[in-house]
Amino acid sequence: MISYVEAIEHFEPVIGLEVHVELGTASKMFCGCATTFGAEPNSQVCPTCLGLPGSLPVMNGAAVESAIRIGLALGCDIAGWCRFARKNYFYPDMPKNFQTSQYDEPIAFEGATDVVLADGETVRIEIERAHMEEDTGKSLHVGGATGRIHGASHSLVDYNRAGIPLVEIVTKPVIGPDAQAPEVARAYVAHLRELLLALGVSDVRMEQGSLRCDANVSLRPRSGGPDQPLGTRTETKNVNSLRSVERAVRHEICRQAELLLAGGSVTLETRHWHEDTGVTTPGRSKEQAEDYRYFPEPDLVPVAPSPQWVDHLRQTLPEPPGERRARLAAQWGFSELEMRDTVGAGALELVESTVACGASPQSARKWWLAELSRRARAEGVELADLPVSPQQVAELQGLVDGGRVNDQLARQVLDGVLAGEGSPEQVVTDRGLEVVSDDGALTAAVDQAIADHPDVAAKVRDGKIAASGALIGAVMKQLRGQADAARVRELVLQRLT
Amino acid sequence: MSGDLLKLTAADLAERLAAGEVSSVEATQAHLDRIAAVDGDVHAFLLVDTEGALAQAAEIDRRRASGAALHRLAGVPIAVKDVVATKGLPTTAGSRLLEGWVPPYDATLVTRLRGAGLPILGKTNMDEFAMGSSTEHSAFGPSHNPWDLERTPGGSGGGSAAAVAAFEAPLAIGTDTGGSIRQPGAVTGTVGVKPTYGGVSRYGLVALASSLDQAGPVTRTVLDAALLHELIGGCDPLDSTSIDAPMPDLIGSVCNADVRGLRVGVVRELGGEGYQAGVRARFDESVGLLSDAGAEVVEVSCPHFDYALAAYYLILPSEASSNLARFDAMRYGLRILPETGPDGGVPSAEDVMRATRATGFGDEAKRRIILGTYALSSGYYDAYYGSAQKVRTLIAGDFEQAFAQADVLVSPTAPTTAFRLGEKLDDPLAMYLNDVATIPANLAGVPGLSLPSGLADEDGLPAGFQILAPATADDRLYRVGGALETMLVDRWGGLLLDHAPVLAAAREVSA
Ligand SMILES: [Zn+2]
Chain R
58 MISYVEAIEH FEPVIGLEVH VELGTASKMF CGCATTFGAE PNSQVCPTCL
108 GLPGSLPVMN GAAVESAIRI GLALGCDIAG WCRFARKNYF YPDMPKNFQT
158 SQYDEPIAFE GATDVVLADG ETVRIEIERA HMEEDTGKSL HVGGATGRIH
208 GASHSLVDYN RAGIPLVEIV TKPVIGPDAQ APEVARAYVA HLRELLLALG
258 VSDVRMEQGS LRCDANVSLR PRSGGPDQPL GTRTETKNVN SLRSVERAVR
308 HEICRQAELL LAGGSVTLET RHWHEDTGVT TPGRSKEQAE DYRYFPEPDL
358 VPVAPSPQWV DHLRQTLPEP PGERRARLAA QWGFSELEMR DTVGAGALEL
408 VESTVACGAS PQSARKWWLA ELSRRARAEG VELADLPVSP QQVAELQGLV
458 DGGRVNDQLA RQVLDGVLAG EGSPEQVVTD RGLEVVSDDG ALTAAVDQAI
508 ADHPDVAAKV RDGKIAASGA LIGAVMKQLR GQADAARVRE LVLQRLT
Chain H
136 MSGDLLKLTA ADLAERLAAG EVSSVEATQA HLDRIAAVDG DVHAFLLVDT
186 EGALAQAAEI DRRRASGAAL HRLAGVPIAV KDVVATKGLP TTAGSRLLEG
236 WVPPYDATLV TRLRGAGLPI LGKTNMDEFA MGSSTEHSAF GPSHNPWDLE
286 RTPGGSGGGS AAAVAAFEAP LAIGTDTGGS IRQPGAVTGT VGVKPTYGGV
336 SRYGLVALAS SLDQAGPVTR TVLDAALLHE LIGGCDPLDS TSIDAPMPDL
386 IGSVCNADVR GLRVGVVREL GGEGYQAGVR ARFDESVGLL SDAGAEVVEV
436 SCPHFDYALA AYYLILPSEA SSNLARFDAM RYGLRILPET GPDGGVPSAE
486 DVMRATRATG FGDEAKRRII LGTYALSSGY YDAYYGSAQK VRTLIAGDFE
536 QAFAQADVLV SPTAPTTAFR LGEKLDDPLA MYLNDVATIP ANLAGVPGLS
586 LPSGLADEDG LPAGFQILAP ATADDRLYRV GGALETMLVD RWGGLLLDHA
636 PVLAAAREVS A
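Residue numbers (this note's numbering), protein chains in the order written: chain R, 58 to 554; chain H, 136 to 646.
Hints are computed from structural coordinates only; laboratory data are not their basis. Please note: incorrect hints may appear among the correct ones.
[Claimed, not checked] One side of the interface only, derived from the structure: several residues of chain R facing chain H at Cβ under 10 Å: (1) Pro-104; (2) Leu-113; (3) Tyr-216; (4) Asp-348.
By construction, the Cβ of each residue, glycine as well, lies at the ideal position given by its N, Cα and C atoms.
Just chain R, same shape as in the assembly (with noise of 0.2 Å):
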């Protein structure tokens, strides 16, 4: 395939992006059911969500205010009455054969939210809508090699999911990034994340399914001008994390620009992205798609949000993401660079946390960004997932800044409450992990090391300080690491000048 470069050199991408949030509410869009994830199947569901003959919904009045306070946060307009449509398909983990979502009456919309790049830049993305809809069941096909329905023998469903709340956040096309407009991508998602996390609606873990986003590209010639119609896009469903969603775009840029290239054609289809691999793969062409017969959902009545709530639940939003990263860059004294960093780990309510539980900004900021982070990566999962809190972190720190371990054995104490051995004292104590603070031992280790080494002993006494880094390597390597350095420094100089 044909390189970034050269594709962007022919074309400016266009983008656009579906976000779908599930609500973190304690109980389904329009039954009492339970939410919980990973439960066992079908073991969170009622006749409403299995859509039994004769069952009907009630809508969740905690996720129509989530919602609302999404589309304000997003800065919206919230719709003074709006109401569900059907939206008519078959498929097996559709218990009524349509979903229940929102159509032509969205309760939010017209809205804007702006991206800070890892570059520094601000760029603005408009909010075309924010609605509200059911999820659908869960498929599990089985006995293919790929989990996929192709070659699968049968297939599993789980309820549990279906009818869970869900907002999905579509934006206008995003013109302006042009090369920029992989990480844009990304941007955007990460910091749809922190919004929502901020607004505590969601858990936003991409993993588990939480946030999904579908990724809409299409590519206008170089040659076309500004005032030239968007291409023919393709939508990429479900890239599951945020590194995907970057690679995801920047792939479907290459692919377009190398068919566009080769005097082909973009078709209007949906295509699956696959992580392994880092391709995409056609799924439904959209001239075969489906007629999905909306019409208003006559079982609901419509919701009419009066217009003072909408206004508590504007004064009573959060602080905006941005305003508050400025505030705790300036609170921590972290540079820009500093904070930026901080935001692109996803480490920001870490650290916060970390500080909170006393530990001092840079160190924590230190321990998420530096060793966590990298500790996470070779697992392969978020940093907020590692098996390790802000509390323990912040422990572990104070067992530094107390010389009870040093840099080398704290990570040996890392180890031990990441294997899940218990608080960073247990692992202490546990694994003797403690730096030898007795002078005595101390003493009689440097002693042997000059014993062992009468040469380099020598040579420090005639004035060859740096020589001493040998007996000191010599005492720790003794003492397997369980000492302070400094101190060891102090003694070795102390018996030989």
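Position chain H with the ligand relative to chain R; hints supplied.
Okay, now just chain H with the ligand, sitting in the frame of chain R:
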């Protein structure tokens, strides 16, 4: 003794139960015996729950004996249309697709029936998914009109009406989407009420057209209807469209029925061409009686009613096409497993859905699903579904204007008396015309009551008189219905049903 029990109104039976003159087990057994004797001919029931009904009756007798405070209708047995979900009792909605489905939950109205201690005799026959006006579209064979077994008892709730008319049950539950309670009431000489939309919970009603469906009472007297209506009506948090306001006093309105000074509007558009002369004559007589009793009779015009049938047959199929989509063989009900898929391979879920729906739905259901799917399709939506909704708004406007001139509106319930089985089966339009006078109320959500107005001269079969009131003013139906019934019963020297022919099977049993 058991013959006496059968002829009692629900109110009278309730009184005897309360006085301890008869037990619920006796009353229930009497009706079960009657069902055993005549239902072979009438076929009002799809399922008779002998054991369950007797157990409920025994339970209520125990509670009564222990001195517990009971609902007025406690112990009075009832039949429930098979479109209503009953926990543990198969519910088919008259369709093969649901054959064998046993709901794991009760409809709200069933919860109320059980709570009040009304033994459920069984589930009554109906047109498949309530689509029809004769029960001939039932997948399990038609019901027969007790007045003439060669004729239909109307539909879709013909089973409930026939059961009550044949004295197989003193009370029944019906549902009315375009007339399915009132039209069967008219052609069987019974009383049927479609409450204000939102007046009775729809939770647990297998939905036909969600914006039109209402459950209501099927009885032999207006007072019995009021008693049952008050029991099943009222707000239900499980139905978002349920009205969150206290119900008016329905029973009181029957007991103090007085029409003096009341303005009764005769709807010009419901009664001209197409209405049988004998039906028309009984209607005029009843209007005359109301006038004699002091009502002020005025003529009102509802010009858009002429478009009601057309609008209804777009809105109903549209909603039905979506409501019936869930019958896909995936979770419950009928499953037809084709040997192979279209390509000769293993059949897919889609193949199973297609085969099941092709086999399971009857012709009328298919006809309406196709109609509705078409009406909602992109490119046709505005012309069909959209226009129909506009007509619906205009009809609601007609009602509003008419109710500015009259307190209630009246018309014949159905244009004709009961027609012969098979007579209209191959002519859907003729079948649809049965509901021409009842449909406007469903489109506007206003309540309607049908009561017998007498026998048509041509064929000696019952005709129905329809009363319509503004939304939430269901009490007016009972006030006018109660007053008219009193005058008619006076004339007839008893209920119209007392003039019904004795059923053959019943004659054999008593002989
Ligand atoms: Zn549920």
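- Task: Would you list, in rising numerical order, the hints stated earlier that this structure does not obey?
- Result: none
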